[in-house]
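Protein chains in written order, with the working numbering: chain S, 1 to 188; chain A, 1 to 269.
You can trust all of the hints, since none of them are fake.
One side only, chain A facing chain S, incomplete, derived with CB under 10 angstroms:
{"id": "1", "residue": "E6"}
{"id": "2", "residue": "A51"}
{"id": "3", "residue": "V56"}
According to the in silico footprint, chain A covers these stretches of chain S (three or more CB under 8 angstroms from chain A):
{"id": "4", "stretch": "33-43"}
{"id": "5", "stretch": "52-62"}
{"id": "6", "stretch": "137-150"}
{"id": "7", "stretch": "166-177"}
One side of the interface only, derived from the structure: several residues of chain A facing chain S at Cβ under 8 angstroms:
{"id": "8", "residue": "E40"}
{"id": "9", "residue": "S44"}
{"id": "10", "residue": "L48"}
{"id": "11", "residue": "G54"}
{"id": "12", "residue": "D57"}
{"id": "13", "residue": "E58"}
No wet-lab data here; the hints were simulated from the structure.
None of the values given here were measured: they were computed from a predicted structure.
C-beta: ideal position from N, C-alpha, C; glycine also.
Residue strings, one per chain:
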Amino acid sequence: MARMAPADEDLVERALAGSGRAWRQLLGRYERRLYNHAVRLTGHRDDAVDLTQEILMAVFRNLHTFRGDCPFSAWLFRIAAYRCTDHLRRRRVHDPFDETTGEWAGDGRTEPEAAAGTLRANDRLRAALGRLPDEQRLVVELKFFQQFTFEDIAAQLGISPNTAKTRLYAALRKLRGDRDIEALESAS
Amino acid sequence: MTHDCEAVRDRLFDLAEGQLPAAERSRVERELQGCERCREDLASIRALHRAAAGWVDEPAPAEVRRGLPGSFAAPARAPSGWHDPWRWVPTAAAVLLGVLLLVDVRIVPTEGGLLLTAGRPQVPAPASLPETAPAEPSSVQGFLRDDGAPVAEAALRPASYFGSADRSGVYGSDGYGGDPYGPYAGSSARSGSGDGSRLLVALLREELERRDDLAEQAIGRLLQLQLRQQQQLNELARRLRTLDTTPTLPADPAPGTIRITTEPEGAPL
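In isolation and in its complexed conformation, chain A is listed as follows (with noise of 0.2 angstroms):
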């Protein structure tokens, strides 16, 4: 019988391990007397074995999970790509807000709560306008009804924290209406993603009244300075109008001499 080194090394790791069954240990044990250089590879498989086995695993530091999270967000499921419904998110939001920018949306605060208004709203003409004026370059006409309100209007109940007395609204139903405070305080037995996302949602209308009251004054005062430029403009217009340009020449000129008057005397600049 011929020695197959490549048959015994594969029966090799089960018996060094005690895995083969005893009539195959027998003779892969025949096997071995005849093959040094596999009696060597026996003897290497059992000495590494041992040295593995004493091994001491060493704790691992607490770097090993630096950047990692605690735990799964759901989209982590999702299937990456533009089949990812997550992915849209943020394009769907760029688009809607440039959308909401384009037609001048704006949340307004008004006595009864919030007012959510399209166009900009409509500016009292100054008495002192002239009526040839230009008319202010704006959409909000047709956004407004005759009395001046809104046609497109959405109310947002008002919320107990924003001082109303109205407290049947939205959140008067799940027991914020009667906290004097709202959420800002005395919410602790309700804590949980319903408070933050209302003291988000509260904290965001705040800031966007704050940025409406700027920009408002804003337009305000160019408002302002265009009709003042207008008048100033206006009032150049007529004394262009009544500028004189026909050269006059004196009663009585002096020989030789020629006087050119453009402007009527005692006109006011």
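Isolated chain S (complex conformation) (with noise of 0.2 angstroms):
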């Protein structure tokens, strides 16, 4: 019979009380999904590997206040919208995104990488949500990629329910007609 995965409130609870091994388990588990969360939101590789740092340290300094009082990833994914909305209001000096072309500038991806199928879709992606405005782009990231429900990403972003949904349907009808999303529907 297959063991079941320890709960993440488990490891949570096993590395405050000093397992490294629980520690590096919670790790592998959100690495991961913080990193590409946060090439979505980056649209850039290098800055998403820094920001994912970031997040990861804040997880570290902050994890002996987790109460358990909600899932571990809401909790998680409170100090990385923080962590993310910090860093793009940092990066607006230099943001790669063109707005006359609506691209966002190289990353410095190698060319076998940039032919792989899997890669152009996900760089179309990431160009799409490139061209919305960060707090959209922040609002689309937790409801279709991380599933949150409304409530959770109000509380996450410090905003109303209601101002949430605003967002997400102000972003979908800018992304309506979409030249990437358009070829990802075709594509598919």
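Join the two chains, each given in its own frame, into one complex according to the hints.
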């Protein structure tokens, strides 16, 4: 019989008790998800590495404040949302997104990787999301990629659920007819 | 019935994800027939759902863990601020070090092990020291018994790796006493935090002894220099007392000349 994976909350408890294994297991469970979250939000892999580092460091510093009154993932993404908002605000000074062409600046991807079909699909999605304002992109990310409820999103971003909905529907209307989303649709 | 876009919008995600009960689903779909904008929103939601499902997670580079500790240390859970006892450790250590320096506490190696003493050790006065020389400005008398032994002392039992024959001390009881090389060798079977701390204590003791020797040598040189200077001062004082400043006239001075003598003839300088 397969062993059940320990719950996040158990891993947190054990990590705080000094278990390096539990802490690394927790990291392994979320670092990929957080990195991809950061790639979609920043549109740039180097920025995503920096942002993921910031998030993980913030989680490390604040883990002892986790009370278990909400799912660990919700607590984690609340920290991530705060870090993302801060990161995007700072990055506006040198945003790689070119508003005239609606394209992200290159991020050093090698040609063989760029030729891979799945990564090209990811790039299209990144490009489409990159054309959204930061606050709308964040709501789209949390709703469509992290599957949070509007109430969760509102709590994470410090806004009301209605504001979260308004931002999301504004983003949907912006993406309607987007060439990259349409390309993805036709490809599927 | 009027169409309520707000009410429909609240249900569109559930509808797109197939989460609505059948009756509710029928009602929302009827609503959608009369509102093109709501239908477009539903189409956008479904399109973005498909696009999101097509995202292929990229592996996280190893750099994302850069700077992260591999595990939590005990203080990670402790509350921050001055209530945190760990934050007092550096201050307490600094104060303790200051007190030790003020009272001149030192660890002195002896034949039987190590001795913790307070105050400076008594330095025997050189035989050539004149009686008029000032006493050594030291508080050492207050810390020594008549026979010169320090009053405040704590015996640190000798460890086998200090070369002592006494193996009944602290380290002999757990097996280190019988090891001719001590924890420096043959301790792999007992590896652990105990070995590490004992090794650290041994190294610290050796370093303390080395520095103590250096300090004693330096103090000895300073005292010798001070004594030599005191002897010179005494000699000068003695000569000053015998200095004759009375002007003496030659018994048969030449007319028109006066000779003043401030030093007795033949007196060495």
